[in-house]
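Novice: Each chain, letter by letter, is given below.
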Amino acid sequence: EAQVTQNPRYLITVTGKKLTVTCSQNMNHEYMSWYRQDPGLGLRQIYYSMNVEVTDKGDVPEGYKVSRKEKRNFPLILESPSPNQTSLYFCASSMKGGNSPLHFGNGTRLTVT
Amino acid sequence: SQQGEEDPQALSIQEGENATMNCSYKTSINNLQWYRQNSGRGLVHLILIRSNEREKHSGRLRVTLDTSKKSSSLLITASRAADTASYFCATDGGSGYSTLTFGKGTMLLVSP
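Those protein sequences? They're chains A and B, same order as listed. Using the working numbering, read the first sequence as starting at 1 and increasing by one per residue. Using the working numbering, read the second sequence as starting at 1 and increasing by one per residue.
Be careful, since some hints might not be right.
Said to hold, decoys possible - Not everything, but these chain A residues come out facing chain B in the computed CB check (under 10 Å):
1) GLN37
2) PRO83
3) CYS91
4) HIS103
These aren't lab readings, by the way, just hints derived from the structure by calculation. Here the structure is a predicted model, which means the values were calculated and not measured. For glycine and all other residues, C-beta sits at the position ideal for the given N, C-alpha and C.
Construct the complete structure from the given sequences, taking the supplied hints into account.
Specialist: The following block contains the structure:
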């Protein structure tokens with residue numbers, strides 16, 4: 001089944017404790033992206049990747065890191081999480097960036113205390 | 001930056017009625033897409049309409065695009081309770097291979 005898989009689904013952590021949210025797609029998509037969703041603010045893009053070893057900042061990249069060593073994986077790293085990074089995070093992928101439909105994962109609800 | 005803005009923010013209708021949501025955007029686009037999100041879940045792609053298209057249908061969904069007014073509308077006909085969800089428009093950057101930015105969404109409630 002074609003899908004984008006994010007893990008974990010829920011995560012509660014403390015300020016400053018490094019964490020990684022994994023994202024994997026099995027559709028051989030070139031493009032992958034991370035969004036965060038907050039009430040009243042909609043979806044805001046954090047980072048995106050057009051292909052392996054190519055990553056670019058989105059609208060809200062501060063406090064996040066990504067890597068794209070393999071085509072299928074695009075992990076999101078929070079080196080030192082802070083409470084303002086409490087949010088619902090989505091990974092998505094598509095064949096050709098904004099020119100084709102995005103496939104979304106089921107989301108990771110992160111709480112930083 | 002969020003290019004698309006949906007209107008209204010919230011819409012409440014009865015089953016069987018039609019629901020219309022609008023999206024306005026600021027810059028040129030190659031395509032505009034509509035997505036649905038059930039509460040807290042991942043977004044699901046509904047329709048992609050290219051800048052040279054004016055109207056597109058998919059089942060009970062009809063999307064129109066007016067590039068001169070930089071606006072699009074999503075019409076859901078004969079709504080069902082299962083259509084209750086948030087609906088988002090998303091636009092690309094208009095210049096080749098680009099990323100996708102989303103509006104804040106319209107929350108649709110369909111009552112039985």
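Novice: Could you check if A:PRO83 really has its C-beta closer than 10 Å to a C-beta on chain B?
Specialist: For A:PRO83, the interface hint is violated, since the closest Cβ of chain B sits about 20 Å away, which is over 10 Å.
Novice: Could you check if A:GLN37 really has its C-beta closer than 10 Å to a C-beta on chain B?
Specialist: 9 Å, holds
Novice: Mind checking the CB of A:CYS91 against every CB in chain B and telling me if the closest is under 10 Å?
Specialist: 9 Å, holds
Novice: Answer holds if the nearest beta-carbon of chain B is closer than 10 Å to that of A:HIS103; otherwise answer violated.
Specialist: 7 Å, holds
Taken one by one, the earlier hints fail for this structure only at number 2.
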